[in-house]
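*Asks:* Spelled out from the first residue to the last, the chains are:
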Amino acid sequence: MSLTVAQIAQICQGTIEGDAERTISAANVLAEAGETDLAFVEGNKANRSAEQSRAGCLLVAPSFDVRGDWSVIRVSDPRLAFVSVLHHLYAQTRPEAFIHATAEIAPTANVASDCFIGAYTVIGDGAEIAETCQIANNCAIGDGVRVGPGSVLHPHVTLYHGVKVGARAILHAGCVVGADGFGFTFTGDSYKKFPQVGTVEIGDDVEIGANCCIDRAALGATRIGDGTKLDNLVHVAHNCVIGRHVVIAAQTGLSGSVTVGDYAVIGGQTGVGEKATIDAGAVIGGKAGILTGQHIRAGEAVWGIPARPLRQHLKGLANLAKLPELKAEIIKLRRRLGELEAQQQNKS
Amino acid sequence: MSLTVAQIAQICQGTIEGDAERTISAANVLAEAGETDLAFVEGNKANRSAEQSRAGCLLVAPSFDVRGDWSVIRVSDPRLAFVSVLHHLYAQTRPEAFIHATAEIAPTANVASDCFIGAYTVIGDGAEIAETCQIANNCAIGDGVRVGPGSVLHPHVTLYHGVKVGARAILHAGCVVGADGFGFTFTGDSYKKFPQVGTVEIGDDVEIGANCCIDRAALGATRIGDGTKLDNLVHVAHNCVIGRHVVIAAQTGLSGSVTVGDYAVIGGQTGVGEKATIDAGAVIGGKAGILTGQHIRAGEAVWGIPARPLRQHLKGLANLAKLPELKAEIIKLRRRLGELEAQQQNKS
Amino acid sequence: MSLTVAQIAQICQGTIEGDAERTISAANVLAEAGETDLAFVEGNKANRSAEQSRAGCLLVAPSFDVRGDWSVIRVSDPRLAFVSVLHHLYAQTRPEAFIHATAEIAPTANVASDCFIGAYTVIGDGAEIAETCQIANNCAIGDGVRVGPGSVLHPHVTLYHGVKVGARAILHAGCVVGADGFGFTFTGDSYKKFPQVGTVEIGDDVEIGANCCIDRAALGATRIGDGTKLDNLVHVAHNCVIGRHVVIAAQTGLSGSVTVGDYAVIGGQTGVGEKATIDAGAVIGGKAGILTGQHIRAGEAVWGIPARPLRQHLKGLANLAKLPELKAEIIKLRRRLGELEAQQQNKS
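Protein sequences appear in the order of chains W, C and S. With my numbering applied, the first sequence covers 1 to 348. With my numbering applied, the second sequence covers 1 to 348. With my numbering applied, the third sequence covers 1 to 348.
Hints are supplied without guarantee of correctness; some may be wrong.
Any copy, or any two copies together, can satisfy a pair, since identical chains are not distinguished.
Said to hold, decoys possible - Calculated pairs, BS3-like style, for lysine-lysine (alpha carbon to alpha carbon, straight line, at most 25 Å):
| # | residue 1 | residue 2 |
| --- | --- | --- |
| 1 | LYS192 | LYS164 |
| 2 | LYS315 | LYS45 |
| 3 | LYS347 | LYS332 |
| 4 | LYS275 | LYS45 |
| 5 | LYS315 | LYS327 |
| 6 | LYS322 | LYS332 |
| 7 | LYS322 | LYS275 |
| 8 | LYS347 | LYS45 |
| 9 | LYS193 | LYS275 |
| 10 | LYS347 | LYS315 |
| 11 | LYS347 | LYS327 |
Hints were generated in silico from the structure; no laboratory data involved.
Given these sequences and hints, build the entire structure.
*Replies:* The following block contains the structure:
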């Protein structure tokens, strides 16, 4: 969709400088934007890059003072304004209500009439798909699954039987929700499966990355709260309870029965041991290792393997770096001590 | 399915105290169980939680002495008894023999007549699917694949050509068995593919988690022994040989030609270098790093990056923690030495 | 396919010793090869193993001097020769041009007539699939996707709308190309999605492992250069730019906007922080952690968390190992110092 600079300024409630009638048809990064593109400028480094930019229109902060051929729109938060405009420039045309002839929908399933259901998708007995959902092709929706209104499932998503997904959720391709938790009892010579008879409950506005795995609970439910976002290839084991507006970066794994509080942020490739508790607002660094049962307090920032408070972690790294110095110091002390001892002996 | 307390006691060969006729229809954790639920009590902490429990029936150890409204069944191992009962309470009704009209089965494939084959599943030339297998919808089974009796494949499983899976195996959604191993030869300016002409052989009673990847061998076979269990997102490279009753937690990766002995246990997010050997019964901690060619002895427990015996690893962490103390000690020694030197000089 | 020793010698331009007419029908590793198998001998250890080998024909280096019943073909690089022969012994019979009746191809898509398209694969509006491509069953190809000539997609591959794949690429089962990048803006109480309106561009001769995830760019394109190889379960975030002939081992993750130069090699389970730069030919060890914005110079080899030059990393490990020694030394110095002080005091 194309917008004039004036229309863009109206969307983000900014002030125009320069040509208000210029037409903008796309958005790009500052360095690659051309004359029909919108870009935004954030930070001092960007201010310098702006000098070379050939963008047609820039979203800038009040203090921005570089001059060029572009139209300028001043706003308090250029990045946020940019996002608002993107939603208009790239308005997603929701696919029209349509159920593909090859979608295998069980007679007892209840699919709202305004949904989009793609080719070769299978929907099981008693499943309920609420209004305006978009389920892409080749998805596998088990018996008794419930998906809330406006949710989007990309291709190859698997929802095992009984799983619940809230409203406006986005599940990316290949993610698997509700596979059996990894629970076994050792019987002396082999492992006996601990039946996984719980389920998974995913809240509203949750986004789950490609090829993530969210296991069902052994008993009860594995839960992911409203607004929480998971990057690709994240593993969530049985009986985890993740709060609202939590962010988990790619390839992180949570072991069984982990609790994560609201607004926590967890870096990529982090591992969290069984029954660990991460309180609200805590920040866990990338590649960290949280021990079994470890408790990270509200607002704490931890790093490392095993994870400890960031300041302590950095101190530890600094100490490590000074090991050669420490060693040199010991050698020096030993020499001085030897000299003193020799003098002492000479005297006696 | 519903059971009376008496029936439950019979299943797990326990002794009843209280109402034997009470009806139990589900199982739950102690804290959330209601009056028609079964729960089990294990350990001192659970004993204390039991006081508040509203469960209808508790499986308890002989020493349990908390009193409440529940019926009690005493057994020697409450957890194991609970598992036995779960298998009855949640008896899985095997889907009836059924081959969906849309399943694309090659004329030369041999699918036992009592199998369940879901919609949009494709089975290749010469494949053999033994009796009572359940293959869910949207699976891709290559040419010449063999699956043993009673195995269960969840949606979106891919078995590449020629792969063998034993009896009663469970393959969770999205797992990929038999993709090409990662083998290339550098020719000076680019990488030439080393043809991967081997296969994968998976034993009986193996369970493989969602979105796992088990690569085919370059030559010969990648093997996974009977009773071995893999959690989600595990990577097994070409030519690995994994023994029987091995447990591998989520997101662990084995490089090419790794050998793992029977009954080994490997934690999550661990990485094992090429041609490493893990002997029978060894325990590898979570997030450990086993070096290329490293040899972990039978029964050993190792931790850390690079992995070393647990005791040594913990000692190392303790030493690290004492670095500031060591540094303070050196400063103190230097001061004392300085004083001695000064006294010495004053005298001479 | 079967070949005589003479034919094999011709393929790899080697010199025959022994029976040139023997028939070879397969290849195997030295230890398992039988009388109709070809094997190769590389290195001293292999020379010793060769003594017991029952292979029908051995590819050997000029210096090889073990005698046996086999036919021998001398070549300058036995491994490379072996690979050449494998391509003939296991010549892949490209499936004949065929479009399965159940393939759902949009009328506006353009699929070359000599492609193979499997069952239940969906191809979206305006997609272009060039000549001799092989797209297996159950794939999901979005609108406007372009795939170059001779590329192979295994089952369950997902290409989101607009993604481009070059010529002769191989995409293994379950990989997902073009899912939304993980970009959100925090608005004080929740995360607002940063629209991901860029795309993914994959070069020629690229191989992507099973269940990998390559995210689309927020703006512009995520790029993977010609000849680059990714192992299984690799995560490439939005706006990464990966050069040509790069090798990335399994389960490694690149955060947003990472740059990787040509011929770099990255070990498994490594994590690379946002906007880090890895220059051409750099080598990153397995399980390494590259910090946000870190710059690894051309040809450098780095290891550890955080990553630093290999020599430094090994020195650091050695220093750590000597901590107990250091501590013992300090205790000794303290004792000697105490004795000196006592003597001093006695005198005064």
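*Asks:* All hints are to be evaluated individually against the structure, with a verdict given for each.
*Replies:* Status of the hints after comparison with the structure:
{"no.": "1", "hint": "LYS192 x LYS164", "result": "between (28 Å within a copy, 23 Å between copies)"}
{"no.": "2", "hint": "LYS315 x LYS45", "result": "neither (30 Å within a copy, 37 Å between copies)"}
{"no.": "3", "hint": "LYS347 x LYS332", "result": "both (23 Å within a copy, 23 Å between copies)"}
{"no.": "4", "hint": "LYS275 x LYS45", "result": "between (43 Å within a copy, 14 Å between copies)"}
{"no.": "5", "hint": "LYS315 x LYS327", "result": "both (18 Å within a copy, 13 Å between copies)"}
{"no.": "6", "hint": "LYS322 x LYS332", "result": "both (15 Å within a copy, 17 Å between copies)"}
{"no.": "7", "hint": "LYS322 x LYS275", "result": "neither (36 Å within a copy, 28 Å between copies)"}
{"no.": "8", "hint": "LYS347 x LYS45", "result": "neither (69 Å within a copy, 64 Å between copies)"}
{"no.": "9", "hint": "LYS193 x LYS275", "result": "within (20 Å within a copy, 31 Å between copies)"}
{"no.": "10", "hint": "LYS347 x LYS315", "result": "neither (45 Å within a copy, 43 Å between copies)"}
{"no.": "11", "hint": "LYS347 x LYS327", "result": "neither (31 Å within a copy, 31 Å between copies)"}
The structure fails hints 2, 7, 8, 10 and 11 (numbered hints given earlier, in ascending order).
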